[in-house]
Amino acid sequence: MQVIKINGMFPGPLINATTNDVVHVNVFNNLDEPLLFTWNGIQQRLNSWQDGVSGTNCPIDPGTNWTYVFQTKDQIGTFTYFPSISFQKAAGGYGSIRVNNRNVILVPFPKPEAEFDLLIGDWMEDDYQNVRVMLQEDWTPHIYPGVILMNGKGPYGSPNSISYESFNVTKGKTYRLRISNVGSVFSFNFRIQKHQMVVVETEGSYTNQIVLDSLDVHVGQSYSILITTNQDEADYYMVATPKLYNVDANDSLVAKGILHYENSVLSVQGPIPDGPDPFDIDFSVNQAKSIRWNMTTGAARPNPQGTFNVTNITISQTFILHGSRAMINGRPSYVVNNVSYLTPSTPLKLADHFRNGSGVYQLGSFPVLSVDNAASYGVSVVEGVHKGWLEIVFQNDVDDEMDSWHLDGFGFYVVGFGEGKWTPESRNIYNLYDPVVRSTVQVYPGGWTTVYVFLDNPGMWNLRSQNLVHWYMGQELYLRVHNDDPNPAKERAHPQNLLLCGIFYQAHSPEANALAPQAGW
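In our numbering, the protein residues as written are 1 to 521.
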């Protein structure tokens, strides 16, 4: 099978930054097809030009390179990067991003002995090019991953594993594990044999410190946990098992690594630690509701996170987004409000900046509250009110699949989960006191999840399913947050190394050549 490596590594190298750092990433594309990288959870303040998705950037052609420049502005936390087009993420190409606190900002727990990055994700054993062809011919339930990897390594004890992941620790110390779900399909439950974990951070937000025996992590999500090595000096299982799927202990879909104590002479003993019933939705929902914002601590800034809250806001807009399956012209698709996203050859951001979108997309055509229209393909762009509060209801109309949604450019407040259909009365059960702020949230089968987001970041922002199959088959749209004020403090100018494609490709467009001098190309 094919693996996408970065600098010869799989997973790719860690991007280790600090709040407000300016990060330069020069990407040389040695693949035989175009490539883009996105920085999952990095908010790209005032700068969607660097977002690295098909709606904002032209792809990097084979044999060429392009340099991303972005700032970790007013952020801390645990994030990932990965290829964003052509189903390439199924072949790897992903890595960890840490954004550390500045020294002047206190971290709300003692400094750990060490930190470990743990990228866990399902892996499809067929080449990603073959899978993306199959996706055009058959429904996705027939396309399942064959194994779950930890940092690109197979399960401990499997005859098919060349190596397995192992972390070396010392008895009596506390360690931070930064765990990310970099898979394509499965949510997973993570636990460590005979060890409890303390959840302290998720995707840039410090959380109330709750003690758990196991943790559900959904596709695209990241967490920081603390573990204290308070057991006998031995080896212990680290385990991740898929949600909504039955496995036994020896299944390749049971990821197994080792927590190895210094001076241990005992190999791992006994069965793997038990987890919750993978079909117990109530367990998962109740745990999700327990992940709350730590209101008293600072994060990227010294003022407490609770300074920014949603207890007394006015909602400017509401989007109700139904994710479901549909057949369109005889082809299986995933849709949002019965529209399956069709990627134009010209990135929306280019069209928006130089043509007000004319000829590439049309504002007002996407139904933000309705699924009455027949299923169809479309270039889905919705308008957001700059500096307004947006309520997004994610409705999962598929009863047998978990979904997971991500919004580039923002963190959102996760205010509610519910079963069945959302109604305006569902607002009565929202948590408006201390909802956690993150950028990726799960939506349970046949249920709904609501988030609030303050649209203070002008740009063209991708709103997508993190389930790679859903995303590739059309479950995404773009949120245009626009401010007519040309002051560059509102939104940064395009970069000088801007790539051109579609209607603006200079080699084929007299119009693009005419625009080039004023655009600085």
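Hint data in this document are derived by calculation from the structure and do not stem from the laboratory. It cannot be assumed that every hint is accurate.
Claimed, not checked - Here are the simulated lysine-lysine pairs, DSS-like style, with alpha carbons at most 27 Å apart:
1. K111 / K73
2. K173 / K153
3. K153 / K73
4. K194 / K171
5. K73 / K387
6. K421 / K73
7. K194 / K153
8. K111 / K173
9. K387 / K490
10. K5 / K111
11. K171 / K153
12. K5 / K173
13. K194 / K173
14. K289 / K421
15. K289 / K194
Stated by the list, open to error - Simulated restraints, written as ranges between beta carbons of each label pair:
16. D127 / T67: 23 to 31 Å
17. D372 / Q231: 52 to 60 Å
18. G330 / I105: 51 to 59 Å
Think of the CB as a built atom: it goes at the ideal place given N, C-alpha and C, for glycine as much as any other residue.
Structure-based check of all given hints:
1. K111 / K73: holds (23 Å)
2. K173 / K153: holds (26 Å)
3. K153 / K73: This hinted pair is violated, its Cα atoms lying about 33 Å apart.
4. K194 / K171: Distance ~13 Å between K194 and K171 Cα, so the pair holds.
5. K73 / K387: This hinted pair holds, its Cα atoms lying about 18 Å apart.
6. K421 / K73: violated (37 Å)
7. K194 / K153: holds (23 Å)
8. K111 / K173: holds (11 Å)
9. K387 / K490: holds (11 Å)
10. K5 / K111: violated (32 Å)
11. K171 / K153: holds (25 Å)
12. K5 / K173: violated (33 Å)
13. K194 / K173: holds (15 Å)
14. K289 / K421: holds (19 Å)
15. K289 / K194: Answer holds: K289 to K194 is near 25 Å, not above 27 Å.
16. D127 / T67: 23 to 31 Å: holds (29 Å)
17. D372 / Q231: 52 to 60 Å: holds (58 Å)
18. G330 / I105: 51 to 59 Å: holds (56 Å)
Violated hints for the displayed structure, listed by number in ascending order: 3, 6, 10 and 12.
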